[in-house]
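Those protein sequences? They're chains A and B, same order as listed.
Just so we're aligned, residue 1 is where the first sequence starts under the numbering used here, counting upward by one.
Just so we're aligned, residue 1 is where the second sequence starts under the numbering used here, counting upward by one.
Hint data in this document are derived by calculation from the structure and do not stem from the laboratory.
Keep in mind it's a predicted model, so treat the numbers as computed, not measured.
Beta carbons: idealized from backbone N, C-alpha and C, even for Gly.
Any given hint could turn out to be false.
Below are the SDA-like pairs computed for lysine to any residue, each with C-alpha atoms no more than 20 angstroms apart in a straight line [unchecked claim]:
1) Lys151(A) / Thr100(B)
2) Lys138(B) / Thr128(A)
3) Lys175(B) / Gln60(B)
4) Lys137(A) / Thr100(B)
Which bits of chain A does chain B cover? Going by a derived footprint, with three or more residues having C-beta under 8 angstroms, they are [to be verified]:
5) 86-100
6) 116-126
7) 133-143
8) 146-158
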Amino acid sequence: MSKDRVIHDILADQDIEIAKPRSQFQSPSRLARSPVVERSYPYILFNFLKNDFVFSFNRNIGIKDIFLSTRKELTRAEIKLQDFNKVKQKLQEVFEKELNVKPESIEPHTSPEDGEQEIIVTIKIEATEDPFREILKLHKKLREIDWELAKKVVILPAE
Amino acid sequence: MHPQEFLNMATYLDSLTKNPNQTKLLNPEIIRRTHVNRSYYFLYHTTRKALLEVMTKDNQIESELTTARIKLHEIFQHHWTLIKFYEDLAEILKQETQNTELADLAEDVSFALKTYKILRELADYHIDIHNPKKVKHKIDFLDPTKTPTTWNLLSINSLQNRANEIITKTNKLFKDLSEITLIWYPQIIRDILEKIEFQLNTKRKRTS
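Could you build the full structure based on these sequences and the hints that come with them?
Structure (structure tokens):
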């Protein structure tokens, strides 16, 4: 047994605090505790990437989701105004030729709450107790013709 | 609140508007607008409850979501997340399994919610009142006889039918999902929810 070890045991038995080397002191500041290299810019950049990007990888979200998380990605369906006329024309054709229904109006609708966009197509519906069944039948047919287009469309009765 | 409470409110408001004596005393337009609002909330809460029940009952989904630390209740507090969940599920089912029957079930629920959500927005945000000529799909809140088909959509019977359909379709969707061997459905659900959670956080950051 070494001499140092004996002194350490005696002090410990007498409940006397044993001085620790300076490197073992725990400063309350996290920055002071970290080595100088950690405070450098590359480390800050690394931390930023780790917290903001690598975290996302851990959650099984691909790089595409991170870099393409623009406004477009955040909405279910966004229709640009210049594209709307094309969509409107296509819808008009599909409704008239394939579904045999003449739409009364085709208008874009943006939710005032979450900004989600839909296209409202109004059509004349026979007066029934539950008109939604008729609406749903039409929407199902539209899905068979063009699924992507149907996703954006909500059908309402024209009065 | 329980979904049934929203239906009770809608029923009460509906009965108020049908009683001409009481309607004269109260503001009929506000009553009808609130009726539309409560009708949508009834369907939203019915869907949310049915979805949460079916997901928490499934041990495999439950364990997958616990591992990913996904808080279902927090995610589905937002209306668009509920619609997006069904839309994304339909999209994946259509693409990965070619099972259009199941994809249709999910899309049906999403479509019903979207339809009633738009009706609610027309009611809540007075979209058609300031410029009634411009908007053709208006609901007449002052005289329902002018837009009878739209008001049929909002009748209590119609709402109950919708709610029953949503519950049946959600249950069938999840039952049939577990029988598909082409995909590991808890992973699919986890992926959709993680993406929605990410989008939810990004939206929050942008608005804060």
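Next on the checklist: Output the indices of the hints that this structure fails to meet, ascending.
Outcome noted: 5
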